[in-house]
Amino acid sequence: MEPFVHFPIQGVIVCAVCKYAVLPSHVDAHLKDKEKHRAVKGDRERIVEAIQAMRGLKTKTAELNHLVFPPVSNPPIPTLHPARSDGLRCQLYDEYGNPCPYIALKTMHD
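Oh and the sequence shown: position 33 is 723 in the working numbering, straight run, nothing missing.
Treat the hints with caution; some may be incorrect.
To be verified - Below are the BS3-like pairs computed for lysine-lysine, each with C-alpha atoms no more than 25 Å apart in a straight line:
| id | residue 1 | residue 2 |
| --- | --- | --- |
| 1 | K709 | K748 |
| 2 | K709 | K731 |
| 3 | K750 | K709 |
| 4 | K709 | K722 |
| 5 | K748 | K726 |
| 6 | K731 | K796 |
Stated by the list, open to error - Listed next, with one range per pair, are the computed distances between beta-carbon atoms:
| id | residue 1 | residue 2 | range |
| --- | --- | --- | --- |
| 7 | N755 | S775 | 27 to 35 Å |
| 8 | Y786 | T751 | 14 to 22 Å |
| 9 | P761 | E725 | 19 to 27 Å |
| 10 | Y786 | V707 | 32 to 40 Å |
| 11 | A740 | S763 | 28 to 36 Å |
No lab work stands behind these hints: they were computed from the structure. From the three backbone atoms N, C-alpha and C, an ideal C-beta is built for every residue, glycine too.
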(Lines of atoms letter the chains of each structure in order from A and count residues from 1; the text may use other names and numbers.)
(Lines give C-alpha, C1' and ligand atoms only; values in the text may rest on other atoms or scores of the structure.)
Protein backbone atom coordinates (compact mmCIF):
# COMPACT_ATOMS: atom_id res chain seq x y z
CA MET A 1 0.00 0.00 0.00
CA GLU A 2 3.06 2.18 -0.07
CA PRO A 3 3.30 5.20 -0.17
CA PHE A 4 0.14 5.43 1.98
CA VAL A 5 -0.08 5.09 5.75
CA HIS A 6 -3.41 4.12 7.33
CA PHE A 7 -4.65 6.01 10.40
CA PRO A 8 -7.57 3.81 11.53
CA ILE A 9 -8.69 6.00 14.45
CA GLN A 10 -9.13 9.01 12.16
CA GLY A 11 -10.29 6.86 9.23
CA VAL A 12 -7.85 8.37 6.75
CA ILE A 13 -4.88 7.41 4.62
CA VAL A 14 -1.90 9.74 4.32
CA CYS A 15 0.61 9.85 1.50
CA ALA A 16 4.02 9.53 3.18
CA VAL A 17 5.70 11.29 0.23
CA CYS A 18 3.40 14.33 0.05
CA LYS A 19 2.56 14.25 3.78
CA TYR A 20 -1.17 14.88 3.51
CA ALA A 21 -4.40 12.88 3.57
CA VAL A 22 -5.92 11.59 0.33
CA LEU A 23 -9.52 10.44 -0.09
CA PRO A 24 -9.80 6.84 -1.38
CA SER A 25 -11.52 8.06 -4.56
CA HIS A 26 -8.51 10.30 -5.32
CA VAL A 27 -5.74 7.72 -4.84
CA ASP A 28 -5.34 6.78 -8.50
CA ALA A 29 -5.15 10.41 -9.63
CA HIS A 30 -2.78 11.21 -6.77
CA LEU A 31 -0.39 8.44 -7.82
CA LYS A 32 -0.43 9.60 -11.45
CA ASP A 33 1.51 12.72 -10.44
CA LYS A 34 4.60 12.24 -12.57
CA GLU A 35 6.76 14.63 -10.54
CA LYS A 36 6.29 12.89 -7.18
CA HIS A 37 5.18 9.31 -7.73
CA ARG A 38 5.56 8.03 -11.30
CA ALA A 39 3.43 5.01 -10.35
CA VAL A 40 2.71 2.69 -13.27
CA LYS A 41 -0.86 1.54 -13.92
CA GLY A 42 -0.42 -1.93 -12.41
CA ASP A 43 0.99 -0.55 -9.16
CA ARG A 44 -1.76 2.08 -8.95
CA GLU A 45 -4.45 -0.58 -9.45
CA ARG A 46 -2.93 -2.78 -6.72
CA ILE A 47 -2.78 0.13 -4.26
CA VAL A 48 -6.34 1.27 -5.11
CA GLU A 49 -7.64 -2.28 -4.52
CA ALA A 50 -5.88 -2.52 -1.15
CA ILE A 51 -7.33 0.82 -0.06
CA GLN A 52 -10.84 -0.03 -1.28
CA ALA A 53 -10.72 -3.17 0.89
CA MET A 54 -10.16 -1.07 4.03
CA ARG A 55 -13.18 -0.46 6.23
CA GLY A 56 -13.93 2.74 8.08
CA LEU A 57 -12.15 5.17 5.76
CA LYS A 58 -13.66 8.61 5.27
CA THR A 59 -14.85 8.80 1.65
CA LYS A 60 -16.26 12.33 1.41
CA THR A 61 -14.59 15.69 1.87
CA ALA A 62 -17.35 16.79 4.27
CA GLU A 63 -16.47 13.88 6.60
CA LEU A 64 -12.99 15.31 7.04
CA ASN A 65 -14.53 18.25 8.92
CA HIS A 66 -15.37 15.84 11.75
CA LEU A 67 -11.94 14.30 12.28
CA VAL A 68 -10.86 13.54 15.82
CA PHE A 69 -7.50 15.22 16.33
CA PRO A 70 -4.98 14.05 18.91
CA PRO A 71 -4.29 16.35 21.88
CA VAL A 72 -1.82 19.18 21.26
CA SER A 73 0.42 17.62 23.92
CA ASN A 74 0.98 14.54 21.71
CA PRO A 75 4.24 14.43 19.76
CA PRO A 76 4.06 15.35 16.05
CA ILE A 77 3.04 12.60 13.62
CA PRO A 78 6.09 12.14 11.36
CA THR A 79 3.99 11.08 8.36
CA LEU A 80 2.28 14.49 8.30
CA HIS A 81 3.61 17.97 7.60
CA PRO A 82 4.42 19.79 10.85
CA ALA A 83 1.55 21.77 12.33
CA ARG A 84 1.40 25.42 11.33
CA SER A 85 0.03 28.40 13.21
CA ASP A 86 -0.02 30.94 10.38
CA GLY A 87 -3.27 29.84 8.72
CA LEU A 88 -6.14 32.14 7.78
CA ARG A 89 -9.56 30.98 8.95
CA CYS A 90 -12.55 31.53 6.68
CA GLN A 91 -14.84 34.21 8.13
CA LEU A 92 -18.08 32.89 6.61
CA TYR A 93 -20.92 31.07 8.37
CA ASP A 94 -23.40 28.53 7.03
CA GLU A 95 -27.19 28.96 7.10
CA TYR A 96 -27.27 27.51 10.65
CA GLY A 97 -24.74 29.97 12.02
CA ASN A 98 -21.87 27.48 12.12
CA PRO A 99 -18.44 28.87 11.24
CA CYS A 100 -16.78 27.59 8.09
CA PRO A 101 -14.01 25.14 9.09
CA TYR A 102 -11.78 26.02 6.11
CA ILE A 103 -8.27 27.30 6.83
CA ALA A 104 -5.85 28.45 4.11
CA LEU A 105 -2.26 29.62 4.04
CA LYS A 106 -2.97 32.52 1.69
CA THR A 107 -5.98 34.47 0.51
CA MET A 108 -7.73 33.43 -2.67
CA HIS A 109 -8.10 37.07 -3.78
CA ASP A 110 -5.45 39.69 -3.18
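>> Tell me the numbers of any earlier hints that the structure contravenes, in ascending order.
In response: 6, 7 and 9
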